[in-house]
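Engineer: So the sequences go chain by chain: A and C. At position 6 of the first sequence the residue is numbered 16 (my numbering), and the sequence of numbers has no breaks. At position 369 of the second sequence the residue is numbered 365 (my numbering), and the sequence of numbers has no breaks.
One or more hints might be untrue.
[To be verified] Which stretches of chain A does chain C cover? Using the computed rule of at least three CB atoms under 8 Å from a CB of chain C, they are:
| no. | region |
| --- | --- |
| 1 | 39 to 50 |
| 2 | 89 to 96 |
[What the hints assert, rightly or not] List of simulated lysine-lysine pairs, BS3-like, C-alpha gap at most 30 Å:
| no. | chain 1 | residue 1 | chain 2 | residue 2 |
| --- | --- | --- | --- | --- |
| 3 | A | Lys80 | A | Lys174 |
| 4 | A | Lys174 | C | Lys127 |
| 5 | C | Lys364 | A | Lys80 |
| 6 | A | Lys170 | A | Lys80 |
| 7 | C | Lys236 | C | Lys127 |
| 8 | C | Lys234 | C | Lys330 |
| 9 | C | Lys234 | C | Lys194 |
| 10 | A | Lys49 | A | Lys170 |
| 11 | A | Lys49 | C | Lys330 |
| 12 | C | Lys447 | C | Lys377 |
| 13 | C | Lys364 | C | Lys447 |
| 14 | A | Lys170 | C | Lys127 |
None of these hints come from the bench; they were simulated from the model. Beta carbons are placed, not taken as given, at the ideal position from N, Cα and C, and that holds for glycine.
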Amino acid sequence: MKHSLLSAVSILAIWLGSAAQTSTVEYEVKGAFLLNFAKFVDWPPQAFAGAGDPFTFCIAGDAFAGALEKLLNAETLNGRRLVVRRIAPADNLQGCQIIYVAASASGQYSQITTLGNAPVLTVGETEDFIDSGGMIRFIETGHRIQFQINTAAAERASLKLSSKLLRLAEIVRPKEKG
Amino acid sequence: MASLRDLSIPRKIVAIAMIISTAALLLAGAALISYDFFAAGRDLGSSTTVFAQIVADNATAAVTFNDQPAAVDILNSLRSEPSIVSSCIYKGVELFAERARAGGRPCPQRAVDAEQEEPGFIVGSSPILLKGDQIGSVRLLATLAPVYARLRVAIGVLAGIFIVSVLFALGLSSRLHKVVSEPIMNLAETARTVSSRKDYSLRAYKSSEDEMGILVDSFNEMLEQIQAREAELIQANKTKDEFLMTLSHELRTPLTPILGWTKLLLQRDVDPSRAQSAIQTIDRSAQLQARLIDDLLDVARITSGKLTMDLTDIDLLQIVEGAVDAAIPAMKEKHLALESNLEKVPVIRGNATRLQQVIWNLLSNSIKFTPEGGLVRVELKRVRSNVELIVSDTGVGIQPEFLPFVFERFRQADSSYTRKHGGLGIGLAIVKHVVHQHGGSVSVRSEGENKGSTFTLAFPIPIKSPTSETITSPSHIS
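Excised from the complex, chain C in its bound form:
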């Protein structure tokens, strides 16, 4: 027989239930039967003694007047009591009358001690008294056979109950199999299918609200997470592939004019003015590529957490003016109008170089995505405890569904190879990171495609400390 440990759960439950119920049945049965047995023996003992007393009382005259037939009559009156198998009346110590039935013992010829026991029988005895004097005695033997018969019946009933309970337990086992094992097997089967097919959209079937149900729920929840994680992984892979393609393209683009003009310069008899123009173009393209690579390095630093910056007290107006001035040639080239509305703002803590980069990124973004004849607006003002820089344009705008991803690196609304606009999709990611490093926030707004977009940067105005007051000009305090 298999050990309890290796049995299936329903069989375990049934086995435990059976062990307990069998033990209970045996204990209760043994207790009841032994009580019944001893009680029956005791009752038989006392009733036999009572019979002996009755016989002794009735036989007084018969013994006194030496009337043996009368004594035998008295003994015959016991015939309706089947348990009494031998009955003896003694006159003095001599046997006076006796009656024995099948299974009984013949009476001893002389009276024996009243206390003397007879194996297999219950002894009941009584003296025969006449006016307080003992003139004889009565000794009755009762058989224990009916008690034993009752014992056998009780054991039979107990065995019957045991068999019924075993059958019941077996019935219960198959029922438990449905309730306990099947859900577990179903769950195991689902887990196996999931791992063999790698199909994380499968779900285990929940059939109950118990611990099993909780397990199924947890399992399904886990599958859901794995499924989401896998979707993310696929998306990340796709983004990376697209980025690689974009990157190659972006790095290749400046090389084309560099290679073309270099070839021209390598020829003899190059017109000096053409050569001059060629060198300028090569320089511009090389710088474009250098900036591209710088941006990439920045992103790499952001990712590894190495892009840190020293903050000093700065005048944002100065920096914005510088950045706008630098962007004017590019805007002119694209015939874009500039609307600049810059107020004097309080000094903030910041890194001038990085903030210049941020503003340049925003402006070049606007220039890139605004068609010819459009408008680029730059605004700098104080709003409550913040200094806000707003760069807006009348360009292509941003589709609402892409808005949440605008500041994520490598994300571009149009990532197809045949897209109209270049770039790696890392400029705004750098903007966000730098502004966050300043303790500020970035936000974007767009009414939709071709409706332009508005980027808002907010920098907190530091609470003045005595040391900073000495550097800050009084006019900046408001």
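One chain only, chain A, in its complex shape:
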């Protein structure tokens, strides 16, 4: 079942280039990546309030359209259930382990800075995401979806990113505001 899922993802990834830009397909790939990021990152214990707490993916903006819920329902991570939470601009971000900020919600970036050094992995897709303090940003190179990682931001948040993940990523630093 896992294999079929992965192969489906890979087929989608290959198809991504040749097929017309369909946001549904694109977000299915990104959703799978999001789940995989969770597998290559270690959160410190204080990231969870209790032992039975679920692993929460907080989504800002109109991304994934229900596909993510479908993907995560079948999985667990380190014994935790995986749940999706849609967040509005004023929402409390307590309990989020991953925050995904879709392009349509780029106005909510200010929320990220309010997190301080809380152990939350932030993922986004617009060009200024890293400069705004985000950790991982999806980029599209030709036919493939790749990602940039701001290791300094992840380190500040006490998140341990696997070297295997870093190897695939483009390591970036936010531009100095000046």
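Please arrange chain C on chain A, whose structure you already have, making use of the hints.
Structural biologist: Only chain C this time, still in chain A's reference frame:
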């Protein structure tokens, strides 16, 4: 090729050494090479598996995030490992990334069972795991070519060692020839020369202190014995020839007066007094010859061990007196003085006739070898547990070098045909034999030529037994 049996000894040794060393070399070589081969194969197997595990670990993210170039990069990191000729990464069961070099195999499009072997290659495989779930697999093929190359080098080295050892063995062979064969051939050559030339004074050359040396020593010792035996043989032959001549002469001597006087008697008108004298001379000469022949017969009996004698209790004084009396006419004829000093001695066991013969032999010897006007001394006395009879004279004596042979038969100090004194040289041999038969001993002493000689006979006095006491007169007991 000649069989081992017919090879020369050094070649045999070398052949045996070569067989053993070749067997050892082959066994050791085969063991080492096969161990090395299997160890290399095993090491290659485990290192290939380790590489597969490393690749699988490194490729986890690349497979997860579908990053094919990254996966190929990981496979390219194997380029410094020449043994790995094919490397395949599968995402799920589909081929995800591959790298093959010359001599390798293209990767199957779908993942095969990890245990599946590939002929001629070592397979190393590992699952790609993400959080305990298998998301793909890695399969590496390592070539055995370097192992085979190593095998060929090892066999080459082994062959080299073999050739060197063969050359060494051949070198050793010629060296062994010097050490082993040459002494044997030398010995054989000496033996051949000895037998063809009959020259027993030759000796084999001893070149070592080993078994060969012992053999040479034994051979030389044998030659020495043969040489001594031959010298003895020559001497015996010479003695026999001389004896024959002496014998003929001695037998002829009494015949001359017998024939002369017989011729005279055959004439007519012989003066009765002359006839009487002739008959006496003939009688004396015939008796001389008879005694000569008796002596010869005695010697023959001694030689064949047939001269035995019955022993009874006898009074030696009586016998000596009788013998001395019988010798007095002959001594008077030669104007010899007699000094007789005879004591009464204990009874001994003996044969009177033979002892008389012995004493007569000694006396006539003294008379024969003592010039006119000389002195013959006879002494009989008891010395401790023996009765001793001593006959000495002032005659020609005996040269020291002849002393040891005095009692040997047919030996005379002067054996030349032109010698002054007659006789066969058997009288003293008979003396010795008879005295020995009595359990006694004989000895001779002489200060040298013309200094006279002394013969001493010693007879043991028997330990008295009750039966002998009855016959023995009390006066004889001391």
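Engineer: Report the numbers of all earlier hints that the structure fails to satisfy, in ascending order.
Structural biologist: Hint check: 2, 5, 7, 8, 11 fail, others pass.
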